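Chains as they are written, first to last, in the numbering used here: chain A, 1 to 395; chain B, 1 to 395.
Do not rely on the hints blindly, as some may be mistaken.
Same chains, same label: a pair holds when it works inside one copy or across any pair of copies.
[To be verified] In the DSSO-like style, the derived pairs of lysine-lysine whose C-alpha atoms are separated by at most 30 Å in a straight line are: (1) Lys252 with Lys137; (2) Lys35 with Lys252; (3) Lys137 with Lys248; (4) Lys77 with Lys96; (5) Lys137 with Lys96; (6) Lys248 with Lys144.
Calculated directly from the structure, the hints in this document are not laboratory data.
All figures in this text were calculated on a predicted structure; none of them were measured in a lab.
Here is how the chains run, residue by residue.
2 protein chains.
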Amino acid sequence: MVISEKQDEKCENNQENLVQKLVFPEGLLLENGQKLAPLEVAYQTYGQLSEAKDNAILICHALTGDQYVSGINPITKKLGWWSKMVGPGLPIDTDKYFVICSNVLGSCMGTTGPRSVREDISTARRWGAEFPEITIKDMIDTQKMLVDSFGIDRLFAVIGGSMGGMQALQWAVSYPEHVYSVMPIATSSFHSAQNIAFNEVGRQAIFSDPDWREGEYWRYGVTPYRGLAVARMMAHITYLSEDALNRKFGRKLQENLKDSSVPIFGERFQVASYLHYQGSNFVRRFDANSYVTISRAMDWFDLSQMHDGDLVRAFANVQSRFCVISLSSDWLFPTSRSRAIVQALNRVGARVSFVEITTDKGHDAFLLEEPDLDLTIQGFLSGIEEQRRLENYAS
Amino acid sequence: MVISEKQDEKCENNQENLVQKLVFPEGLLLENGQKLAPLEVAYQTYGQLSEAKDNAILICHALTGDQYVSGINPITKKLGWWSKMVGPGLPIDTDKYFVICSNVLGSCMGTTGPRSVREDISTARRWGAEFPEITIKDMIDTQKMLVDSFGIDRLFAVIGGSMGGMQALQWAVSYPEHVYSVMPIATSSFHSAQNIAFNEVGRQAIFSDPDWREGEYWRYGVTPYRGLAVARMMAHITYLSEDALNRKFGRKLQENLKDSSVPIFGERFQVASYLHYQGSNFVRRFDANSYVTISRAMDWFDLSQMHDGDLVRAFANVQSRFCVISLSSDWLFPTSRSRAIVQALNRVGARVSFVEITTDKGHDAFLLEEPDLDLTIQGFLSGIEEQRRLENYAS
Numbered sequence: 001m002v003i004s005e006k007q008d009e010k011c012e013n014n015q016e017n018l019v020q021k022l023v024f025p026e027g028l029l030l031e032n033g034q035k036l037a038p039l040e041v042a043y044q045t046y047g048q049l050s051e052a053k054d055n056a057i058l059i060c061h062a063l064t065g066d067q068y069v070s071g072i073n074p075i076t077k078k079l080g081w082w083s084k085m086v087g088p089g090l091p092i093d094t095d096k097y098f099v100i101c102s103n104v105l106g107s108c109m110g111t112t113g114p115r116s117v118r119e120d121i122s123t124a125r126r127w128g129a130e131f132p133e134i135t136i137k138d139m140i141d142t143q144k145m146l147v148d149s150f151g152i153d154r155l156f157a158v159i160g161g162s163m164g165g166m167q168a169l170q171w172a173v174s175y176p177e178h179v180y181s182v183m184p185i186a187t188s189s190f191h192s193a194q195n196i197a198f199n200e201v202g203r204q205a206i207f208s209d210p211d212w213r214e215g216e217y218w219r220y221g222v223t224p225y226r227g228l229a230v231a232r233m234m235a236h237i238t239y240l241s242e243d244a245l246n247r248k249f250g251r252k253l254q255e256n257l258k259d260s261s262v263p264i265f266g267e268r269f270q271v272a273s274y275l276h277y278q279g280s281n282f283v284r285r286f287d288a289n290s291y292v293t294i295s296r297a298m299d300w301f302d303l304s305q306m307h308d309g310d311l312v313r314a315f316a317n318v319q320s321r322f323c324v325i326s327l328s329s330d331w332l333f334p335t336s337r338s339r340a341i342v343q344a345l346n347r348v349g350a351r352v353s354f355v356e357i358t359t360d361k362g363h364d365a366f367l368l369e370e371p372d373l374d375l376t377i378q379g380f381l382s383g384i385e386e387q388r389r390l391e392n393y394a395s
Numbered sequence: 001m002v003i004s005e006k007q008d009e010k011c012e013n014n015q016e017n018l019v020q021k022l023v024f025p026e027g028l029l030l031e032n033g034q035k036l037a038p039l040e041v042a043y044q045t046y047g048q049l050s051e052a053k054d055n056a057i058l059i060c061h062a063l064t065g066d067q068y069v070s071g072i073n074p075i076t077k078k079l080g081w082w083s084k085m086v087g088p089g090l091p092i093d094t095d096k097y098f099v100i101c102s103n104v105l106g107s108c109m110g111t112t113g114p115r116s117v118r119e120d121i122s123t124a125r126r127w128g129a130e131f132p133e134i135t136i137k138d139m140i141d142t143q144k145m146l147v148d149s150f151g152i153d154r155l156f157a158v159i160g161g162s163m164g165g166m167q168a169l170q171w172a173v174s175y176p177e178h179v180y181s182v183m184p185i186a187t188s189s190f191h192s193a194q195n196i197a198f199n200e201v202g203r204q205a206i207f208s209d210p211d212w213r214e215g216e217y218w219r220y221g222v223t224p225y226r227g228l229a230v231a232r233m234m235a236h237i238t239y240l241s242e243d244a245l246n247r248k249f250g251r252k253l254q255e256n257l258k259d260s261s262v263p264i265f266g267e268r269f270q271v272a273s274y275l276h277y278q279g280s281n282f283v284r285r286f287d288a289n290s291y292v293t294i295s296r297a298m299d300w301f302d303l304s305q306m307h308d309g310d311l312v313r314a315f316a317n318v319q320s321r322f323c324v325i326s327l328s329s330d331w332l333f334p335t336s337r338s339r340a341i342v343q344a345l346n347r348v349g350a351r352v353s354f355v356e357i358t359t360d361k362g363h364d365a366f367l368l369e370e371p372d373l374d375l376t377i378q379g380f381l382s383g384i385e386e387q388r389r390l391e392n393y394a395s
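Full structure from sequences and hints, please.
This is how it looks when you write it as structure tokens:
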């Protein structure tokens, strides 16, 4: 294993940033049987690892997230995606905990993904659409290598929302003795037919863009911006509740068009402009092949698939304490899915608590101002810290 | 007014069909102030108009529907879209009623729309993307001209689901004395932010297709098939409930791929193949400019907009009997929207009944096998027929 801290040359969006990165020359054996080597893992850490190495929290990001969970994201120059949750004195308190967040396998913020240059063939070229099909398990196996590199035997907690929650669940199943506690938020133990359907339409939008070029757009110096923007716009609708959209936009028109009675061939509703903004912002920071790769990994996710669809058996060996959190207005991963996880965990006698946060903000609420979520996360972490103290005292 | 029954030369999909069509040379003054002339209205009728001309039922179709409501659709060679509901001895019994269904303004099955050749300019060319922006009101004004042409003063019923329900509501508001009863099914008095958002993403998918050519694809002999297919696939997800998708497809794989462990760059879930099928079927029969035009008309629909958002005032002058029907698992036009319609109708003392059909099939349930819906429609029609008999007897 070679530890390097170097300027990332592969991620075009990333030029100014000093990316924290580990390189594993021996690579990773993927679930599909392929060997991916070398393997690079870009990550950020916050806070200090204790001498006993027992205060590490791994945070897992969602489909289009990144490792910049707190402080200023050096790429976007905006606050990190969970900066309201992670930092000194915040619910995930970096004065107490050593927080690790790594860019997931297959993404485009420094960890090996379709944008990486292949080193398994003689001609230098990017993986592009030939990047192997990966799974959520492959993502957490990559994280495990990173965690091991710190000499951490057991994570105090693994926390994540949406696809991050899938990773948290997979950690509890795949590495039971290495995870003290798990907080899967706004997630599911499987991708449903509707989830797959939305992802599939997003991918088809990307493939329909003539600049997709069978995924080899980087060869031609183009990017399938329009297709990727359509995919993002559609996905963004699924992240919000109908109530949130109604409250925020309703049927409001763009200000400068209110008095126009002349038909124009453009959009006049504020909600349309908002989606355009979301779409165009996104394509500047994200890679189309990464979107395809990671969305497929989500589609393949089903914790019970190795156990004939029996989630109880999937959880048979878990050892972690769980706090399962759902969001009442989340229709992408509705509360019923979290309840199914809790029920299966109860069947194996796992220590599990369950909180449904009442919010009208939809799936995205876990990224937004939601005081009940803060209290729940902070309370759970304090509680298990106390439990562990008692356990250590007893032993 | 010229009545003609002629081979439609404009609708490429339509060559073998003898389209019933009316031509109104004087045209229609649209809500946006433009005059659209001449105006052609393609329609189908089923059953016999009574001597008193009091047994006519107008059926209004949805976004991508057509006038072929019953029997065999001469274009697709399949059964008409509501053939289980409309026909001899069926809930909307053509042995008793004279059923009219016309292709909506802006569509592509014979009624004037973007595919029509302009006659307002000297150079022969299709409207394409320059087709005027139309509204649901413009659609029903077109239908009113057709209904008048039959000498029908008062329709016995106007019935429609989804966008068809919007038209039914608009009839009750715009022509109160000419509609004896109205059945809006799985619909809303306005398009919500989420409804608009989905439509907008669909349009952006179309505009992203290089074959869109700013809506002038017909000039180049191309069609934005891929963009239109993406729009349709996405819309199709919104027509189905999550439960229906789970029951029908779940996470099932394509049969021939079940044993394949080799990663392929294609889709393996049945739900994806189903969507591909829906998308590719659709683009063969529908015009992209029509999709854009009609989806915009839906977005603009808000019965209360002329009344400062007060739906009660919008209904102030209605005279019809209403049967409002919602579908319990419809998340595109949820039951709450139907309830709001009923509440507003109650406030003006309208005669209104309300039925929520319990189904897990989602928005599309009104087109599917749903015995409770059949019973509701049949029961309502029988009931108002009896009421009208009593009224006639009393007067």
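Within, between, both or neither: Lys35, Lys252 at alpha-carbon 30 Å: For Lys35 and Lys252, the Cα distance is within 30 Å only across copies (28 Å; inside one copy 52 Å).
Alpha-carbon proximity between Lys77 and Lys96, which holds within one copy, between copies, both or neither at 30 Å: within (26 Å within a copy, 70 Å between copies)
Intra- versus inter-copy proximity for Lys144 and Lys248 (alpha-carbon distance at most 30 Å): neither (41 Å within a copy, 37 Å between copies)
Same-copy or cross-copy closeness of Lys137 to Lys248 [CA-CA at most 30 Å]: Between copies only: 27 Å across, 37 Å inside.
Within, between, both or neither: Lys137, Lys96 at alpha-carbon 30 Å: Answer is within; shortest intra-copy Cα gap is 29 Å, inter-copy 63 Å.
Homomeric proximity label, Lys252 with Lys137: Cα distance no greater than 30 Å: between (44 Å within a copy, 20 Å between copies)
The structure does not agree with numbered hint 6 stated previously, though it agrees with all others.
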